[in-house]
Amino acid sequence: MNDSASSRQRILESIRSATAPVSSEPGSENAPDRRVLPRTYIRRGTMNRNACVERMIDRLREYEAEVAECTAEELPATIAAQLASSGKHIFVAPEGLPAAWLAPGFEWKVDRGMASEEIEQAEGAITAAFCGVADSGTIVLHHSPTEGRRALTLLPDRHLCILRASQVVETLPEYFDRCQQTPMLATFISGPSATADIEMTRIKGVHGPRFLAVILVQDEIEEAQSGAKAS
Amino acid sequence: MTHAVLDPTLAPPFPEGALPVLRNPQLRKNVAHAMDVIQAKRAKLVAEKTDWPELRSAASAIRAHALENLGYYLEQFEARCTAAGGQVHWAADATEAREIILGLLRQENATEVIKIKTMTSAEIQLNPFLQAAGVGVFETDLAEIILQLGDEEPSHIVVPALHINRGQVREIFARQMGLKDLSDAPHALTDAARTYLRQKFLTVPTAISGANFLIAETGGVAVVESEGNGRMCLTLPRTMITVAGIEKVLPRYEDLEVMLQVLARSATGERMNPYTSLWTGVTPGDGPQRFHVVLLDNGRSRMLKRPVERQTLKCIRCAACMNSCPVYRQTGGHAYGSVYPGPIGAILTPQLMQLQHAKSLPYASSLCGACYEVCPVKINIPEVLLELRAQVTDNERRQTVRFLDPLYLGLRVANLVFSRAWLFHLAQRVARIGLRLFTQKDGWIHSLPFIGAKWTQTRDLRGLPRQTFREWWTARAKEAK
Numbered sequence: 001m002n003d004s005a006s007s008r009q010r011i012l013e014s015i016r017s018a019t020a021p022v023s024s025e026p027g028s029e030n031a032p033d034r035r036v037l038p039r040t041y042i043r044r045g046t047m048n049r050n051a052c053v054e055r056m057i058d059r060l061r062e063y064e065a066e067v068a069e070c071t072a073e074e075l076p077a078t079i080a081a082q083l084a085s086s087g088k089h090i091f092v093a094p095e096g097l098p099a100a101w102l103a104p105g106f107e108w109k110v111d112r113g114m115a116s117e118e119i120e121q122a123e124g125a126i127t128a129a130f131c132g133v134a135d136s137g138t139i140v141l142h143h144s145p146t147e148g149r150r151a152l153t154l155l156p157d158r159h160l161c162i163l164r165a166s167q168v169v170e171t172l173p174e175y176f177d178r179c180q181q182t183p184m185l186a187t188f189i190s191g192p193s194a195t196a197d198i199e200m201t202r203i204k205g206v207h208g209p210r211f212l213a214v215i216l217v218q219d220e221i222e223e224a225q226s227g228a229k230a231s
Numbered sequence: 001m002t003h004a005v006l007d008p009t010l011a012p013p014f015p016e017g018a019l020p021v022l023r024n025p026q027l028r029k030n031v032a033h034a035m036d037v038i039q040a041k042r043a044k045l046v047a048e049k050t051d052w053p054e055l056r057s058a059a060s061a062i063r064a065h066a067l068e069n070l071g072y073y074l075e076q077f078e079a080r081c082t083a084a085g086g087q088v089h090w091a092a093d094a095t096e097a098r099e100i101i102l103g104l105l106r107q108e109n110a111t112e113v114i115k116i117k118t119m120t121s122a123e124i125q126l127n128p129f130l131q132a133a134g135v136g137v138f139e140t141d142l143a144e145i146i147l148q149l150g151d152e153e154p155s156h157i158v159v160p161a162l163h164i165n166r167g168q169v170r171e172i173f174a175r176q177m178g179l180k181d182l183s184d185a186p187h188a189l190t191d192a193a194r195t196y197l198r199q200k201f202l203t204v205p206t207a208i209s210g211a212n213f214l215i216a217e218t219g220g221v222a223v224v225e226s227e228g229n230g231r232m233c234l235t236l237p238r239t240m241i242t243v244a245g246i247e248k249v250l251p252r253y254e255d256l257e258v259m260l261q262v263l264a265r266s267a268t269g270e271r272m273n274p275y276t277s278l279w280t281g282v283t284p285g286d287g288p289q290r291f292h293v294v295l296l297d298n299g300r301s302r303m304l305k306r307p308v309e310r311q312t313l314k315c316i317r318c319a320a321c322m323n324s325c326p327v328y329r330q331t332g333g334h335a336y337g338s339v340y341p342g343p344i345g346a347i348l349t350p351q352l353m354q355l356q357h358a359k360s361l362p363y364a365s366s367l368c369g370a371c372y373e374v375c376p377v378k379i380n381i382p383e384v385l386l387e388l389r390a391q392v393t394d395n396e397r398r399q400t401v402r403f404l405d406p407l408y409l410g411l412r413v414a415n416l417v418f419s420r421a422w423l424f425h426l427a428q429r430v431a432r433i434g435l436r437l438f439t440q441k442d443g444w445i446h447s448l449p450f451i452g453a454k455w456t457q458t459r460d461l462r463g464l465p466r467q468t469f470r471e472w473w474t475a476r477a478k479e480a481k
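Residue numbers (this note's numbering), protein chains in the order written: chain A, 1 to 231; chain B, 1 to 481.
Note that these hints are calculated values from the structure, not bench results.
Among these hints, one or two may not hold up.
[What the hints assert, rightly or not] Derived EDC-like pairs: lysine to aspartate or glutamate, alpha-carbon spacing no greater than 16 Å straight-line:
| hint | chain 1 | residue 1 | chain 2 | residue 2 |
| --- | --- | --- | --- | --- |
| 1 | A | K88 | A | D157 |
| 2 | A | K204 | B | D191 |
| 3 | B | K29 | A | E199 |
Predicted model, so just to flag it, every value in this text is computed and none were measured.
The following block holds chain A by itself, in its conformation from the complex (with noise of 0.2 Å):
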């Protein structure tokens, strides 16, 4: 590693040689004034609870998503159909999905660090969400324990992912603002598995699951009626 550590060197000198304003003595490097950066682009959205949902909904179909929505009481039937519907019966589980959701009738096997070559089997999978972003249809998880490992997500062709009216923000910032923590890992779906490589036709499922199902669960109505919040 000694040439890395030379280099390493060498590559930090030449950059503040570079960069380093004429008047600075050299050392006395502070950390970066970012209060200067103009950030006066769009932040907060302007729509109601309602129509950003609405929102989230006619994105998630552009992409070819499967959307349903339901209450809060009906979500297990609500899955119970939707995983009916696609006539598939092995379906992934992470450890901290509430045991409500797996649906009787169905092959559940839950995630406690399965091999990839048994996520492989399943045919689907089953998760929550950290948040979506309505302005572009973005569904985004954090892995934890209700989202699942990565591998989840990835490896069987489909997945099913039970997404909050709460969880639902307008704007891509406002997901930022979200964060209250920086999150270690953490995946962006837009839509399912697609490719334009060729002649620039887009075409669905290359390697991810090549089908996304979203349900929307109506948990916040009160909210909705009250109109879009101030900023």
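Given chain A, put chain B in place with the hints provided.
Below, chain B alone, put in the same frame as chain A:
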């Protein structure tokens, strides 16, 4: 088709490199089609974003700020990444980077490696090096598979196989995967790639990636992709090696709120690309348990010195500049003789390499400014092109061999003539008499002999008028008296 050379030290000058595409109507059609599709999608999605100018300003400022404080942020990245279980290596040039990567593969006893598309690895010509060292390299991005199996070179940084149409892809896959009955429907070709790589994803224990962004605040790395091949490589193997240019650093995680909004719209004309992955060092129980980052300089720190050239390093590799470039549209990517084609390549390649290896590239532009207009981080590409042109000229002027070069000889003569009125008038008269021989009845010169033919081969020249403006003016004054 002749094989493209993407090594600036070996590639022909741009005008020569452009000829194969200019002479191949199919290739020009493939390139123009792809450019039309991407440009239309981008324009639509940028127009719907009412705060696009503000996003661009923020993206530009964040990137400029990261570069101004690059030393600070790189050390911060290194410290945080190491604390999270990653190992950071520093490579001053391509040779060092290749050696570091091969050393890591040897530690792992790796005989095979799966790769996510990375232009940085193409820049250091990693694949041929690893193959020569006995490591089997498997590209996993669909376009990269097409190129690897077809023994082709990338012609674009986002859609590198855009010069190859579905019929040609079918032919490559049928031959290399042994699928005689493969159809040329894009979904059939995509399925073939899925099946071809599934086993590799599950069994090859070592992967190599690039990075779209390095997050200084957390030591995290972000990779932006569409297919899920990236997620496979980032999740399933035991060991992950990421090679990234030192300029890829962003100060904070939340800076992604700007970069992700401008990147996908500019690159593929999508509101968001299907998958973006962020990981930080090693996470127990999830993904590779050994993680290395190779930070590559390879000429970059030198580019920081002067503000005009420094802006080149703001680039986030979206390719909007090549998609909008009237020159790229005609020539395709191979003409640039580098893995970085188009307007950004025309300024990046000459600076990464020694200028003499790529001195035709700063001229591969009409300076129309379309690239600057679409650039999401506001790199003033025409300004950098002009600066590089000045450097090319300054270098050449100093060379004694240039003394008898027709161009410089001509310029010296012109300098002499234009600075003496009597000589200028004499030259006008001589030229008028001389050119009369070649002027046709329609008043145009259609062909000139000798060096003049270089002009008339491709354009006509207006014959000189019988009277110059000065002669007319003097005659008019005399008549008035």
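Legend entry - Hints that the structure is at odds with (numbers, increasing): none
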